[in-house]
Structure formats: structure tokens, C-alpha cells
Amino acid sequence: MPTISSFYGILIIMHLRGKEHEPPHIHARYSGVEATFSIDTGEILLGIFPQSGAKLVKQFILLHKEELLEMWNTQIFKKLPPLE
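For the sequence shown, our numbering assigns the number 297 to the initial residue and increments by one for each residue that follows.
Hints in this document: simulated from the structure, not taken from any laboratory. Some clues are possibly wrong.
[As the list claims (entries may be wrong)] Quick list of in silico lysine to any residue cross-link-like pairs, SDA-like style, CA-CA up to 20 Å:
1. K354 - G305
2. K374 - P320
3. K361 - G328
4. K361 - K374
5. K361 - S327
6. K354 - P320
7. K374 - F303
8. K351 - N369
[As the list claims (entries may be wrong)] Derived DEER-like restraints, expressed as beta-carbon distance ranges:
9. E380 - E318: 24 to 34 Å
10. T370 - Q347: 27 to 37 Å
11. T370 - P346: 17 to 27 Å
12. E339 - H311: 26 to 36 Å
13. E330 - P378: 16 to 26 Å
14. I372 - Q347: 24 to 34 Å
As the structure is a prediction and not an experimental result, all values here were calculated from the model. Ideal Cβ positions, reconstructed from N, Cα and C, are used throughout, including at glycine.
Working from the sequences, and respecting the hints, build out all of it.
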């Protein structure tokens with residue numbers, strides 16, 4: 297499960313497709329909680345996440361949507377720059 301980025305204590309992770317399911321999504325971890333976020337919308341699909349952190353994750357997803365979808369489809373992972 298490659299870590300794609302990290303910012304403000306939030307880890308952005310994408311699991312290998314063999315262990316994953318549709319729709320395309322990422323996992324975000326922060327302070328002992330984890331949620332799954334849709335790459336298409338940036339909304340939480342599963343789990344719990346602090347509201348302020350969820351807004352940052354959504355911002356990150358919308359900023360890097362094309363790159364995240366490419367990683368989901370190709371399974372070629374790369375580090376993405378964090379939010380500043």
C-alpha cells in the first residue's frame with residue numbers, strides 16, 4: 297500500500313488493486329482514524345474523518361484527480377506534492 301502523499305499529519309494511501317474494489321478511491325489516515333475517499337468526487341465513501349481533515353483531503357484529490365486516476369488504472373504509483 298504505497299503512500300502517495302502526506303500533509304498536516306494526514307497520510308494519503310492507495311492500496312494495490314488486487315485488494316481493492318471500485319469505485320476508484322484513496323485511503324486517508326489521521327490520528328488513529330481512516331476513511332476512504334472517492335477520487336471522482338472527493339467525498340467520504342467509508343469510515344470517519346475529522347471535518348477539517350476531510351476538507352483538506354478533498355482539496356488534495358481535486359487538485360491531483362487526473363494523476364490519482366492514472367495511478368488507480370495503471371497501478372504505477374508516485375509521490376505527489378503535499379498541500380501547502
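- Checked against the structure, which of the hints given earlier come out wrong? Checked against the structure, the hints that fail are numbers 3, 5, 8, 11, 12, while the rest are satisfied.
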